[in-house]
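**Q** Keeping their order, the protein sequence lines are chains A and B.
This note's numbering puts the first sequence at residues 1 to 341.
This note's numbering puts the second sequence at residues 1 to 441.
Please note: incorrect hints may appear among the correct ones.
What the hints assert, rightly or not - Restraint-style ranges between C-beta atoms, simulated for each label pair:
id : chain 1 : residue 1 : chain 2 : residue 2 : range
1  : B       : Arg439    : A       : Phe184    : 37 to 47 Å
2  : A       : Ala152    : B       : Ala67     : 54 to 64 Å
3  : B       : Arg70     : A       : Val318    : 49 to 59 Å
4  : B       : Arg439    : A       : Val318    : 51 to 61 Å
None of these hints come from the bench; they were simulated from the model.
Glycine is no exception: its CB is placed at the ideal position from the N, C-alpha and C atoms.
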Amino acid sequence: MTSSSAASSSSSAASSSAATVSRGPDPEPPGPRTGPAPRGGGPARVSRRGRARTGWFFASPALLVIATVTVFSVLFSLLLSFADVRLEYGGFRILSLTGDHYAAVLSSPEWRHALVFTFGFTAVTVFLELVLGTAAALVLERLGAARGWVLAVLLLPWALINVVAAQLWGYLFNGTYGGLTWLFEQLLGHQPDILGQPASAMGAMVVVDVWKTTPFVAIVVLAGLMLIPGDVYEAAEIDGAGAWTTFWKVTLPQLRPIMAIAVLFRILQAFGIFDLPFVLTQGGPGTATESLAILGYKTLFQNLDIGRGAAVATTTAVIVIGCCLLFLRVFRTQADEGGRA
Amino acid sequence: MALSRRTLLAGGLAAGAGLTSGCAGKPLDTLLTQAAHVPRTPATLVWWVPEIPSRKGPVVADLIIRAFERRHPNLRVRKSNALSATDANRAAVTTQLAGAAPTPDVYLGDTTWPAQFGANSLALPVQTLLPKDFWADYPAALRRVSEYHGAVYALPFYTDSSFLFYRKDLLAKHGLPVPRTWEELLRTARRIQRAGDAAYGFLWQASVSESLTCNVTEFLADAQAPVLDKAGGVALDGSGAERAFALMRELTETGVTPRTVTTYVEADSQDAFTGGRGVFLRNWSYAWGNAADRSASKVAGRVGVVPRPGFDGDGPRGVSCAGGWSNFVNPNSRQLGAAVAFARFCAGEEAQMILLKNAGVIPALEEVLTRPEARRVGDPTLTRAKELRLVARPVQTPYYPQVSKALYTQANAVTGGRATPAQAVRAARADIRTALEGRAL
């Protein structure tokens, strides 16, 4: 998706750079790899072309799949979002191309509500997961021999399929026989309606997502921690830095690039959240937990409003791409400043 | 890459345009001519069918398929297992149909679908293929929901009706009669709850879904408050609508209904009832089979079934939302004649008798309910179905999903105590108007 936005801004530059990249894998001199040393440039060019052909041969099925599954569907969805589509016997007809769907979507209270919920959900969960994941990674790094076991247990929620995790928590939150409801009843003296009230339903959604995805952040950050060279810490120790200073001035700056990757992944996933609210609350109570993805699904598949559904999907994609680009820019500026300081 | 991004973009758009022009429609007359003739050559149909509730024993769908194949030796029917959740089912089947897929040839769908599916050309209008008096033997409410703009888009298969299930043993212990009004039900439930004999008084469904729309439709009908007027405009307003919403609020406020009802779908309320936690339950007819099943129900043998109560006064009693499932014919089917024949067979006497004897549902053909076999089955929902006053949901608009959402969202807010009945009626009225104008997402 990022590639298409880049293409629109500077398509010629992008395509030429892509062309350079594609030649990337074989710029090294062909000599040592192609057995007997070739004489002159001729045979080397042939073999390079031959290899390129083999490359294309092997890559073509994947390219074809990507072209049909991804490129085509994204572009088709884009087309539908501008189109006035009428389903009819034997297929469908595009009556006209307009921007009406976007006007209808952007001005609707349902969309604005879903946007606010999705933003809030993304901000809160990504922040919590980053803090908790980093803390977990720091603990894991010091564990030594037990690390493998702890890691395996910690990763279990991440390994679960989203729908299964959501269903599991759905049972725990269930008002009649849910384990958590029972626990709260014992503690508070009354039965709480966890998924039936907006605030607690949103809270529950955050809890499940943090439970499920913190391990992912932890393992990414842990990988980053392992990559920090030991002598940096030795230098910090010689300079007399305490544990806290070392963390803020040494560990954290070193972790920044890998944390950025984790955050980027999480923004992408959290913004498209569908399965969790779909299974846990169906978007309720009221429309409290209706995410953009759920709204798009309902618009398209329940209401059969093809153009508007596609417009919801497209606006969601544009917003999430915008968020990621903004995040990368802010992050890069910060990293540069950090480097200079 | 030789394949630049620009090429990909252009290619994708060109392919999109090509696909668009390649999907031009077919004239309806041609389709109906094809549909009027049952082929004599061998053909195989695909029937998209979710699990039909069964009174144990053989799978109901298979029995019907076998009976049809005996009548039409050259035709075969293959089952395609649909999902059990209605909304997920609709998403799956519409995706397939909107892509002009020739299968499934016949699909079993909810009675709320005809207007929407008809308006979007996802179902074949079959009225010209039916005899004039076809609908005489089916409930009038079922006919109303199957038609849109004078065309019939669904053939009746079975109905779901709602009843009030109650604990015979608890009422007997307290010497109380089966309540005939909501006011009486509230008093009875509270008395049994206070005595500590049941955790909950009355269980129903109030989650943000179609389940709640059915419940709201019934409460509104009890209070004689229509949702839409004759012209299809919004009618929801006034003291009747507020009375219905106020009852939903009162049920949770008094603790007769647990507050968690705002997350209940049918299965949740049924589980609480068969687990012995409730005095009364509003549910569809199939719940009788589950409540009477000793292996799944703690209260088997102690359950009674009556039509729903009404409000104090001379308003209607025994109101039930007209639910159920009908067969739709895929207009892209390559065997339209055979598909229509199969859908009609399912609505006919032979298939309806199979449903009566084996399925835990109410056959759509009313006449079979009067047969001695109906009494022999021993299911009170079958014999009492005639006493019900069926009401249709406001489904005669292609925007029904949005109208339904407007209703259930506000009803959920009232039940959860987040809005007063007056506020909720006002908001629902405004939201339904937006929905009917096609402006709601």
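**Q** Run every hint past the structure and note whether it holds.
**A** So, going through the hints one by one against the coordinates:
For Arg439 of chain B and Phe184 of chain A, the Cβ-Cβ distance of about 41 Å falls inside the hinted range of 37 to 47 Å, so the restraint holds. Roughly 55 Å separates the CB atoms of Ala152 of chain A and Ala67 of chain B, a value that falls within the hinted 54 to 64 Å. Our hint of 49 to 59 Å for Arg70 of chain B and Val318 of chain A holds, since their Cβ atoms are close to 58 Å apart. Checked against the given bound of 51 to 61 Å, the beta carbons of Arg439 of chain B and Val318 of chain A, roughly 23 Å apart, lie outside it.
Hint 4 from the earlier list is the only one contradicted by this structure; the remaining hints agree with it.
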